[in-house]
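Enquirer: Residue numbers (the numbering used here), protein chains in the order written: chain E, 1 to 417; chain R, 1 to 417; chain D, 1 to 417; chain B, 1 to 417.
Among the hints, erroneous ones may be present.
Identical copies go unnamed one by one, so any copy, or any two together, can satisfy a pair.
Below, in silico cross-link-like pairs of lysine-lysine (BS3-like), each with a Cα-Cα straight-line distance of 27 Å or less [stated by the list, open to error]:
(1) Lys351 - Lys289
(2) Lys68 - Lys83
(3) Lys351 - Lys83
It should be emphasised that the hints constitute simulated quantities derived from the structure, not laboratory data.
Number of protein chains: 4
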Amino acid sequence: MPEVIFPLDSSKKFEDQEKVGHNRWHPEIPPVATVKPGDSFRVHCREWFDGAIVNDDSADDILNAPLKTVHKLSGPFRVEGAKPGDLLIVDILDVGPIPGEDSGPLAGQGWGYTGIFAKRNGGGFLTDQFPGAYKAIWDFRGQIATSRHVPGVSFAGLIHPGLMGTAPSAELLATWNRREQALIDTDPNRVPPLALPPEPEFAVLGSLPESEYARVAGEAARTAPPRENGGNQDIKNLSKGTRVFYPVFVDGANLSLGDLHFSQGDGEITFCGAIEMGGFIDLHVDLIKDGMSTYGVSENAIFLPGTVDPRFSEWIAFSGTSVTLDGEQRYLDSHLSYQRACLHAIDYLTKFGYSPEQAYLILGAAPIEGRLSGVVDIPNACATVYIPTSIFDFDVRPSASGPAQIDPGPGAPHSAG
Amino acid sequence: MPEVIFPLDSSKKFEDQEKVGHNRWHPEIPPVATVKPGDSFRVHCREWFDGAIVNDDSADDILNAPLKTVHKLSGPFRVEGAKPGDLLIVDILDVGPIPGEDSGPLAGQGWGYTGIFAKRNGGGFLTDQFPGAYKAIWDFRGQIATSRHVPGVSFAGLIHPGLMGTAPSAELLATWNRREQALIDTDPNRVPPLALPPEPEFAVLGSLPESEYARVAGEAARTAPPRENGGNQDIKNLSKGTRVFYPVFVDGANLSLGDLHFSQGDGEITFCGAIEMGGFIDLHVDLIKDGMSTYGVSENAIFLPGTVDPRFSEWIAFSGTSVTLDGEQRYLDSHLSYQRACLHAIDYLTKFGYSPEQAYLILGAAPIEGRLSGVVDIPNACATVYIPTSIFDFDVRPSASGPAQIDPGPGAPHSAG
Amino acid sequence: MPEVIFPLDSSKKFEDQEKVGHNRWHPEIPPVATVKPGDSFRVHCREWFDGAIVNDDSADDILNAPLKTVHKLSGPFRVEGAKPGDLLIVDILDVGPIPGEDSGPLAGQGWGYTGIFAKRNGGGFLTDQFPGAYKAIWDFRGQIATSRHVPGVSFAGLIHPGLMGTAPSAELLATWNRREQALIDTDPNRVPPLALPPEPEFAVLGSLPESEYARVAGEAARTAPPRENGGNQDIKNLSKGTRVFYPVFVDGANLSLGDLHFSQGDGEITFCGAIEMGGFIDLHVDLIKDGMSTYGVSENAIFLPGTVDPRFSEWIAFSGTSVTLDGEQRYLDSHLSYQRACLHAIDYLTKFGYSPEQAYLILGAAPIEGRLSGVVDIPNACATVYIPTSIFDFDVRPSASGPAQIDPGPGAPHSAG
Amino acid sequence: MPEVIFPLDSSKKFEDQEKVGHNRWHPEIPPVATVKPGDSFRVHCREWFDGAIVNDDSADDILNAPLKTVHKLSGPFRVEGAKPGDLLIVDILDVGPIPGEDSGPLAGQGWGYTGIFAKRNGGGFLTDQFPGAYKAIWDFRGQIATSRHVPGVSFAGLIHPGLMGTAPSAELLATWNRREQALIDTDPNRVPPLALPPEPEFAVLGSLPESEYARVAGEAARTAPPRENGGNQDIKNLSKGTRVFYPVFVDGANLSLGDLHFSQGDGEITFCGAIEMGGFIDLHVDLIKDGMSTYGVSENAIFLPGTVDPRFSEWIAFSGTSVTLDGEQRYLDSHLSYQRACLHAIDYLTKFGYSPEQAYLILGAAPIEGRLSGVVDIPNACATVYIPTSIFDFDVRPSASGPAQIDPGPGAPHSAG
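So here's chain E without its partners, still in its complex pose:
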């Protein structure tokens, strides 16, 4: 086990730890630790809501999830010798739930959760169809997840960090703030909002001096979106064995990460759609000097995915096109196409006895694949969603004998607010 350079004590809040991380992006947040190219090290990660979501059968906590407090990030970690223009190589050596703690009140202690956010609290991919708040608790047994709220499915976790990235430069941060505010300004009162501006309330900025706090908190970017620095990419395939290359924008690179997922489907469609948890991650870092221009990687992350994630050979797939549920034709809108594909999958699963919310939660949490199948056939983009058939305890394929019927049990906890 590599040295723990960012420890977390599960009995304490994120802000009360020996080393305090952050929940905003800003170049001035001081590094909590320094590593050298070639180093391996372990980092603890807190689940993104720092314990606000609990292991029970109510969705009230999801309904009132404190979005201004997220994401609880570990870091920044300074990499010696990293300069703007370099590529930072990050190898994910290992990643998992909180080691040595398989029960307790904190997600990652043997369990995790998936939430459907209420529309008034951010919503999810299908918020128009699912405006309420729902929750599912998943139990871990080794690498297998099952849920008392979603019977009939079990699967090996495709464990990964939802969020990892380097610090933005001041210039890059300014670009983010400018372009996101411009978007917000097009419909400032929208529910849910179009984007999230800097929010000083609940900002955690590591060991930033008190004197700088107000200014920096007023500038620092929210962590929800992925951006040029990687960030909250929610790429389920950043699993163990993956090598990621990040652009470096500030001296030392200042790598931060968090938002661990025990599993997630492509898209993380219920918003809090992965199986959220705290845990640990072991990393190895290195540099390609001047790699940004050498490889043309200057405003995105690239990666070589690992080869030990769960393997499936059989799938059932659903297609969708860019026509709204109301029958309106949209022009090559893959986002909409994927929504329609997911809704078709949900409709299908309900025929086996699932509630629509249970089906939606499965799509959020299980290792489904979302594909951009056709993007040029005007006016309809075609997206597809692939569900591994072996995650179900029953035969999920269509046949002349009709769908098997599961016992959906009490269902996913719901809170209408």
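Given chain E, put chains R, D and B in place with the hints provided.
Expert: Below, chains R, D and B without anything else, positioned relative to chain E:
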């Protein structure tokens, strides 16, 4: 070999064959043949432009590709006993280039082509960056494709039909025409157009009586977009061994298909982005009576993909977010995110010596995977594109020693018009 | 389709064809055709018994299978410029049943067979437990095989040539005859025999001049065993896309091949254990000059397996050790261990309703994997056999609810003689 | 993390731990802990030689490895309610090196070793060709192993327990002793021996009362061979996620396990051929009452392998037949065939610059696959060995340009004794 119920003679034009197919969707196009549930049969398919694109080193044919003439479809095939409300099960038993003809003037005779369409002729996924016309010819050796226009890559074909579907009902057709015209009406003079309205010119309607031709040609839907009946889904994974379930909208189902691809990347991003070819397909059909309501599959196709397509264990992946090249922030636009991911991949490949067009053609034709990685992290959707590393003759991974340099050769033929 | 350089007419016997192949190994058998390095070409192959095994419900033909007549090989094909010491590169571009003939009396015309040979006619891997003759007929639908004699299983064929190799030199042939006769001499009257000596009766030697026939037929090696030249290796993974490297022992290499299998389990354990058929194979050849010494490949074939064979993610596996059924401990005998693993698998499958013979036939024909798991743990070698679970129509895994029961039907035809 | 029911302190010898395991099989060895069906629990495992092999550049420790002291097993674990005739279900939830200790003197503390045993100390699969002692030290970085003694290779570990099994009944133990002694008696002075009889010296028997020690130590079976109870099967695919079913021979089942491997090739051919280490394993147990007769599983283990082991799509494979190096023909000897296949692979790898011992160590430690390809083609069995090409830093495939040359470095430490 199952019985050939739709033969094509490679020496004759599509309209001059013994049995004539069609290139529009309409419920009244008469079936060319009838099959029974449980039957297996072979169908020949003509490449979508019926020979207009030739095996040479010019892109003039791509520049002037006659879009009103596409797609040349085999069918309709009437399935005895199929009624609206049923699900039609189609097993793809086999699919390949024109059997017994490995050289000749027709795509599918041992070769195929990938085109980048000019912006004024429909464009492609990245038409703003690639407004001109380009072409690559691919040679087949067994299941392996290589191209004199794109050196350094070779891969096993993921052979599939780009287009397959059932006939729409009159009501469904009317819905299509209504909603697509409404979209066109929002910007009727756009280049390229938002959608393609019915086009009597060059309409081929099988054995429809002369007396009905004008009316039906004026109503019949163009075949470019995928719709509720399946259609031009361009799903690369509809490969050998796949079972597809289509909704049935008319008595007899009236299945049609065509647009065979020797290979394609997710999205078919260059528009004519697959390796286009004619060939054969062997199908087996069956029915699930009343399956549309039983399984909730009423306005989309679902499928169980085959298990004999090419297998890769190592990939290089690129992410993109929904910020335009001009720096404008868009709201959760996965279509844009995938464009950016593809552009990042193209930039990367140019560092190895490829021209941007060669890189673009690789993404269109090779079995890349396009994924919807994050769709809820406002305001940025995250899409990723995965390229199998083993398709390259050289090591395509980033390293401290910098990119290997290929000899790009004369490059992809270009026609500026 | 590459040029057919060795055509077969399904209505004629192997010896009555336009070009006549051979069924023995000898350096003096004249080439039937010459190809050049870089050439692609098609070869037809006759099933190994040339039609003696028929599509019916009796095993009399298996009981009396004419072993002296096999294998019916296509070739030899001379490769221009090949010299002893070179490596011959053979790419398997495509391979399949008889094209364009999906019904008829010849295996490969839409069907194939698996036989359990009677002990007095050669036996199989488990001949002490299965001394009688049995047969199963398999029907092909696309790449899928099913059998009326073995219900409840279906699988995609892992199509491959059971036999391919270069001609031996006179010296190598002499070595074979010497060492095999020495083995036979240790127990000359054994049933089944230890090895098969040269057998002039039924020898087919292509276009060898009459004057040489008697001498050559008396020297020529039987084709049953694999040897330094490749030969009857029965490696199921020599599927489409595979590249094989053979040592060259005579000028021109003189490549021959045959014994096509629609599918086979590792070991081909029922002797005639694959799904036997005739068909076609498309090859591409090239040379590595002096490759035998350069790569140390002088008395075996090496290969790069293809990547489009059927893919499975879930298996049930059985182990065996080198203790005989009578309880005798043998020393590190992996052959025995694999027998015991297969017998354990057969016992297990009978609990689901299969007859032992049906289970045995499944292991012969389906794409099972046989592994040498432990070979050093004195005195017990450990071998394992892996069966893909998805080939069964039912859940084949052990559970508290006990095994599902299939209807075994009339079972596999049996002939006691 | 499940509760640790068998802890090990890395600073103490195996016999000095709080709970003491065992290194012989006997029904009377008392359970160290009791679990219930449905329980999950963690077990620590000591590497098989309890620290006798060290992390240095000498093979003296391998030369003198104390074989009478192995294997250091954790257990026995009594399962409440288990009765003879039941099947014990064991789920491998997780398995890995010593948690929290990534450096130190004990294999499993961030490193492991592979040894080639000297012929006079047991030898290995190819001991006639490799009679001396050799060693390679492997370093772990996450799930990746590399070795300073074997440059140019790195691979993800296929981590698994080499040994797991239930206690034999008195009757079964007597059977083992009887049949193994009978084998020894056929050549009692052979070097290496044919089998290992009970050996009181260095027997560790847990908490067995002193009064019974001498008798039990004189009866207890050695742990080297796999037998009816599972035992030292060295099946590399018993990786995380695997479910194993063991016959139960005594009340409580009395499960024991150990001999963890960070990786291993099929066969574990160098004898100490895996990457040996200590570590932890998390298990979940359950029962199928009377499962032995229900499923016909009475003298072997069966298993459903996990789906998260390392995945490869490209391999280079070598075949071998049952002819000895001296040219003697053996009858269908798959063991010999695999030896010849491995020797061919070793010859091949030396052409790239490896010493034969380095190549042999790669085959022992890397996730190679050993297959029984043909077992009926008298007189030659055909075995094949598949090596994943991506484990090499260079292109290991044959080509016209000849083999790349690695720098083999100082090579594998050797001790001739």
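Enquirer: Does each hint fit the structure? Answer for all of them.
Expert: A quick look at each hint next to the structure:
1. Proximity of Lys351 and Lys289 under a CA criterion of 27 Å is satisfied inter-copy only: 16 Å between copies versus 55 Å inside one chain copy.
2. For a Cα distance limit of 27 Å, the shortest separation of Lys68 from Lys83 qualifies neither inside one copy, at 31 Å, nor across copies, at 54 Å.
3. In this assembly of identical chains, Lys351 and Lys83 lie within 27 Å of each other by CA distance solely across copies; the values are 21 Å between and 56 Å within a copy.
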